[in-house]
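**Student:** Sequence:
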Amino acid sequence: QCGTPGYVAPEILEGVKYGTKADMWSLGIITYILLGGYPPFIEQNQRELFRKIRRGQFEFHVEYWGQVSQDAKDLISALLTVDPERRISAREALSNRWICGDDKDLMGKDLGKNLEEFKRFNARRKFKAAVKVVIA
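Going by full-length UniProt numbering, the first residue of the sequence shown is number 1, and it counts up by one from there.
One should not assume that every hint holds.
Estimated spans, in silico, between C-beta atoms of each pair [claimed, not checked]:
no.: 1; residue 1: C100; residue 2: R47; range: 31 to 41 Å
no.: 2; residue 1: V62; residue 2: K17; range: 20 to 30 Å
no.: 3; residue 1: P5; residue 2: D83; range: 15 to 25 Å
Keeping only pairs whose Cα atoms sit at most 27 Å apart, straight-line, the calculated DSSO-like set for lysine-lysine is [to be verified]:
no.: 4; residue 1: K21; residue 2: K52
no.: 5; residue 1: K73; residue 2: K52
no.: 6; residue 1: K73; residue 2: K21
no.: 7; residue 1: K52; residue 2: K17
The set of hints was computed from the structure by calculation and includes no laboratory data.
Where a beta carbon is used, it is the ideal one built from N, C-alpha and C, also for glycine.
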């Protein structure tokens, strides 16, 4: 099995053949984190984390996603589609409305709360990595 637990595509967890659509899943995770400030699948227990990933259980919490456009959320949802046959390709992602949209639509959006959450998430991630080094 390959992949970082929170970024791994469902088909990898299922142990079936996978291709570039698995990378598109990971791109969806990264986009979610960059816009929302936290990962879509959060669980301390790895078994529970993988269950959520396999089911595609994530939400756009209004507190963090209220300022994010529906086009951006639609792109993330298309990237985080559990069935790789239905998940969008790189070519399709590049033609998405949010990617092709006008930069003026992004002006004036207050994502400060998301940035603060991202900083906390990143600090927790670094702390966990440091603890693992000490334990090893």
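**Student:** If a hint holds in the structure, say so; if it doesn't, say that too.
**Tutor:** Quick rundown of the hints versus the structure:
Distance hint check for C100 and R47: the Cβ-Cβ separation is about 39 Å, which falls inside the suggested range of 31 to 41 Å. Our hint of 20 to 30 Å for V62 and K17 is violated, since their Cβ atoms are close to 38 Å apart. A hinted range of 15 to 25 Å holds for the C-beta pair P5 and D83, which are about 21 Å apart. With a C-alpha separation of about 18 Å, the suggested pairing of K21 with K52 holds against the 27 Å cut-off.
The hinted pair formed by K73 and K52 meets the criterion: a straight-line CA distance of about 19 Å does not exceed 27 Å. Among the hinted pairs, K73 with K21 is consistent with the structure: their alpha-carbon atoms are about 18 Å apart, no more than 27 Å. Distance hint between K52 and K17 is fulfilled; the C-alpha atoms sit about 20 Å from each other, no more than 27 Å.
This entry does not satisfy hint 2, going by the numbered hints stated previously; all others are met.
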